[in-house]
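Given chain A's structure and the hints, the job is docking chain B onto it.
One-letter residues, chain by chain:
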Amino acid sequence: MSTPVKGTGHGSLHSYLVGFALSVILTLIPFWLVLGDVMDNTAWAVVVIFTLGGLQMLVHIHYFLHVSLKVDEGWQVMSMVLTILLLVIVLAGSIWVMFNLEENMMPAHDQIERARSLK
Amino acid sequence: MMTDSAVTDASKFYVLDDPHHDGDHAHEPPTMLGFWIYLMSDCLIFGILFAVYAVLGQNYAAGPSPADLFDIEMILVATFALLFSSVTFGFAVMRMDHGDLRGTIFWLVITGLFGAAFLYLEYEEFSHLWHIGATPMASAFLSSFFFLVGTHGLHVTAGTIWLIVLLVQLSQRGLTPANTRRVMCLSLFWHFLDLIWIGVYSLVYLTGVLL
Numbered sequence: 000m001s002t003p004v005k006g007t008g009h010g011s012l013h014s015y016l017v018g019f020a021l022s023v024i025l026t027l028i029p030f031w032l033v034l035g036d037v038m039d040n041t042a043w044a045v046v047v048i049f050t051l052g053g054l055q056m057l058v059h060i061h062y063f064l065h066v067s068l069k070v071d072e073g074w075q076v077m078s079m080v081l082t083i084l085l086l087v088i089v090l091a092g093s094i095w096v097m098f099n100l101e102e103n104m105m106p107a108h109d110q111i112e113r114a115r116s117l118k
Numbered sequence: 000m001m002t003d004s005a006v007t008d009a010s011k012f013y014v015l016d017d018p019h020h021d022g023d024h025a026h027e028p029p030t031m032l033g034f035w036i037y038l039m040s041d042c043l044i045f046g047i048l049f050a051v052y053a054v055l056g057q058n059y060a061a062g063p064s065p066a067d068l069f070d071i072e073m074i075l076v077a078t079f080a081l082l083f084s085s086v087t088f089g090f091a092v093m094r095m096d097h098g099d100l101r102g103t104i105f106w107l108v109i110t111g112l113f114g115a116a117f118l119y120l121e122y123e124e125f126s127h128l129w130h131i132g133a134t135p136m137a138s139a140f141l142s143s144f145f146f147l148v149g150t151h152g153l154h155v156t157a158g159t160i161w162l163i164v165l166l167v168q169l170s171q172r173g174l175t176p177a178n179t180r181r182v183m184c185l186s187l188f189w190h191f192l193d194l195i196w197i198g199v200y201s202l203v204y205l206t207g208v209l210l
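Respectively, the protein sequence lines represent chains A and B. Last residue of the first sequence: 118 in numbering that gives the first Met the number 0, with the numbers rising by one and none dropped. Last residue of the second sequence: 210 in numbering that gives the first Met the number 0, with the numbers rising by one and none dropped.
Pulled out of the complex, with its shape left as it was, chain A reads as follows:
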């Protein structure tokens, strides 16, 4: 009665449990950092949170979504790589441009004062 659908890997109990264990660890560390107020340096804490989040995404892609070069003659990975490329362009571009815009367009108080004294 089993009719295997081969379009995606199905994974084994082992792969799900390994993925689950890694996900638990990679979830608990960032929450612990924030709830326990562990790191004094906020910037580094943010870097750690995003690094662990990115790692957990890779864990999900490998152990839960079973993305593999063998599936659909590589088209699955190909479409994912294209999506990631577009996301990097959109995210990095938006944040970069809008950050610069805010820096350059929002006059600080002393800039306004300087402009006034020029008159």
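Simulated from the structure, these hints should not be mistaken for lab results. Among the clues, some could well be false.
Estimated spans, in silico, between C-beta atoms of each pair [to be verified]: (1) A:VAL17 with B:GLY132: 37 to 47 Å; (2) B:ASN58 with A:TRP43: 20 to 30 Å; (3) A:VAL17 with B:ASN58: 36 to 46 Å; (4) B:SER64 with A:ASP39: 18 to 28 Å.
What you are looking at is a predicted structure, and each value in this text was computed from that prediction instead of being measured. The beta carbon of each residue, even a glycine, is placed where N, CA and C say it ideally should be.
For chain B alone, coordinates are given in the frame of chain A:
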């Protein structure tokens, strides 16, 4: 030979595999790749919503900031509800591979319950925010917050409805090829939503409370 196969294939609505790559891949349905490409386009939607939140997320308009609003312990519980549901969906797929209909339905019901728990927590959070006046109209931060987290919540809602429909189909027809294909599509959708949630709690909740 070439024209022969072209004529017989013309009545089919899907692309057949190249006959030279026969063997293992011969009967691979193209549905899974199509659904995967849909997920990738959905991923772009979420990516743009993440970009919007990253740009607007600190424009509080003299209103409340994440540290005033978010209950991180509750988000941790919601995160685990979604993670558990991902793993139990994996168990359902494994039971399905063994041709075990009852086991498949059992694990899908468990998955649905975890999904419902997640949705309940999100509903509680949103209604709490609404009651204290932290509505999307209050600031650009809250607009982008409700837009991003709400879109994810709508996806989980749609996935849960799909799951219920699938349970009806499974209990009526059993593990037919069409139903196994549907379970595999929803499995991808469900794991994908859990993946998006990692981005949501990292960027919106944890980073938001820190900054």
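Do the hints match the structure? See the list:
no.: 1; hint: A:VAL17 with B:GLY132: 37 to 47 Å; in the structure: 45 Å, holds
no.: 2; hint: B:ASN58 with A:TRP43: 20 to 30 Å; in the structure: 25 Å, holds
no.: 3; hint: A:VAL17 with B:ASN58: 36 to 46 Å; in the structure: 41 Å, holds
no.: 4; hint: B:SER64 with A:ASP39: 18 to 28 Å; in the structure: 20 Å, holds
No hint from the list above goes unmet by this structure.
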